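K.L.:
Sequence:
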Amino acid sequence: MPARAATPFDAPRISALLERSLRSPESVVASALPAPFAGGAVPGLRALGLGIFGLAGGRLRVYLDEVRGQLRSVALVYGGRRAEWVILMLASLPEPGGADSAFRLLSGVSGAAARAGMHRLFAAAPDDAMPRETFFQTGFYSYTRETWYAASGMRLAPARREGWRAATGTDAHDLFRFYTATTPHAVQRAEQLSVPDFDLSRRGGAYDPPHLSGGNPLAMRRALALVDGDERTTRAVALAFAGRERHPHVVKVRTREGDVDLARDLVRASVRALEPDRPVAAPVRSYEEHVGRALLAEGFRDLATTMLFVKELAVRVEEPAFAPAVVR
Numbered sequence: 110m111p112a113r114a115a116t117p118f119d120a121p122r123i124s125a126l127l128e129r130s131l132r133s134p135e136s137v138v139a140s141a142l143p144a145p146f147a148g149g150a151v152p153g154l155r156a157l158g159l160g161i162f163g164l165a166g167g168r169l170r171v172y173l174d175e176v177r178g179q180l181r182s183v184a185l186v187y188g189g190r191r192a193e194w195v196i197l198m199l200a201s202l203p204e205p206g207g208a209d210s211a212f213r214l215l216s217g218v219s220g221a222a223a224r225a226g227m228h229r230l231f232a233a234a235p236d237d238a239m240p241r242e243t244f245f246q247t248g249f250y251s252y253t254r255e256t257w258y259a260a261s262g263m264r265l266a267p268a269r270r271e272g273w274r275a276a277t278g279t280d281a282h283d284l285f286r287f288y289t290a291t292t293p294h295a296v297q298r299a300e301q302l303s304v305p306d307f308d309l310s311r312r313g314g315a316y317d318p319p320h321l322s323g324g325n326p327l328a329m330r331r332a333l334a335l336v337d338g339d340e341r342t343t344r345a346v347a348l349a350f351a352g353r354e355r356h357p358h359v360v361k362v363r364t365r366e367g368d369v370d371l372a373r374d375l376v377r378a379s380v381r382a383l384e385p386d387r388p389v390a391a392p393v394r395s396y397e398e399h400v401g402r403a404l405l406a407e408g409f410r411d412l413a414t415t416m417l418f419v420k421e422l423a424v425r426v427e428e429p430a431f432a433p434a435v436v437r
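Using our numbering, you'd call the opening residue of the sequence shown number 110 and step up by one each time.
Source of the hints: derived by calculation from the structure; they are not laboratory data.
Don't take every hint at face value.
Ranges of calculated distance between the beta carbons of each label pair, as one might list FRET restraints [to be verified]:
1) P117 - R365: 36 to 42 Å
2) A382 - P205: 29 to 35 Å
3) R122 - E398: 41 to 47 Å
4) V304 - D237: 35 to 41 Å
Nothing here was measured: the structure is a model prediction, and the numbers come from that model.
Cβ atoms here follow ideal geometry from the backbone N, Cα and C, with glycine treated the same way.
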């Protein structure tokens, strides 16, 4: 039977499979959070039920694959305000045939996204053989790796300097220029962000996972956005997200020109803006290695590495260009 959207009658089986998968990390094919925090990528029962009923504002969708009436795999999919979906969790039974079921389900979700008019489908997967092959075989490509750092019970010292300010919607253009200056072209091509996506007065955009920060947007609330710089140059950006339910707090820091000291100060400011009631996680991409050094210096530990995947669902049309004409 091909992959299909879940119905309310599937809710008990879906919840049971997800809980079972969280106890067997090899069953998690994709997760918006690394394995130790994967439970935070699963919406609470209320949000899950609303998603199955189609009442979650259209933001959460649930798909499943079953064989002869037995549920084999489940996918939780988030849709924001952009023409893209993000796979929050894709889990299969830890048994022979689980990989085949995940492949069928991933293909089914891709088809559903395309029919819904989406341009891209994003996912984060453990850096293991089975998840990698499953995504490659279904037409995804990996555009970067992301290492997660974590800490708990933190009591960080105050920042050594505080020359930054709270970012606002009017900073959208400067934040976009900072993004393009500090992000490899291959990543920019995958994410397809533009100036309006950096408007802090709007929901989603660049501030929805998986762009500037990973995690489950249904269980995160932006608590802080700082920018360091002047009218000529933006030197750094820091974001802090407060977690809900089983989701950890998340901080994201980016600095220009590998400034480790500035990154450390912004990490301190971000963490101090969050309640000390849960662990703090920080995703660092492969081209942000200096931020990883700053986190380690502040007491974070290296937790896990994931691969970020994207699948293009729309044909890219190249922009028209002028060519020099030979005038005789």
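K.L.:
Are the hints correct? Go through all of them and say.
P.N.:
Evaluation of the provided hints:
1. P117 - R365: 36 to 42 Å: violated, 50 Å
2. A382 - P205: 29 to 35 Å: About 47 Å separates the Cβ atoms of A382 and P205, which means 29 to 35 Å is violated.
3. R122 - E398: 41 to 47 Å: holds, 43 Å
4. V304 - D237: 35 to 41 Å: holds, 37 Å
Consistency with the previously given hints fails for numbers 1 and 2, ordered from lowest to highest.
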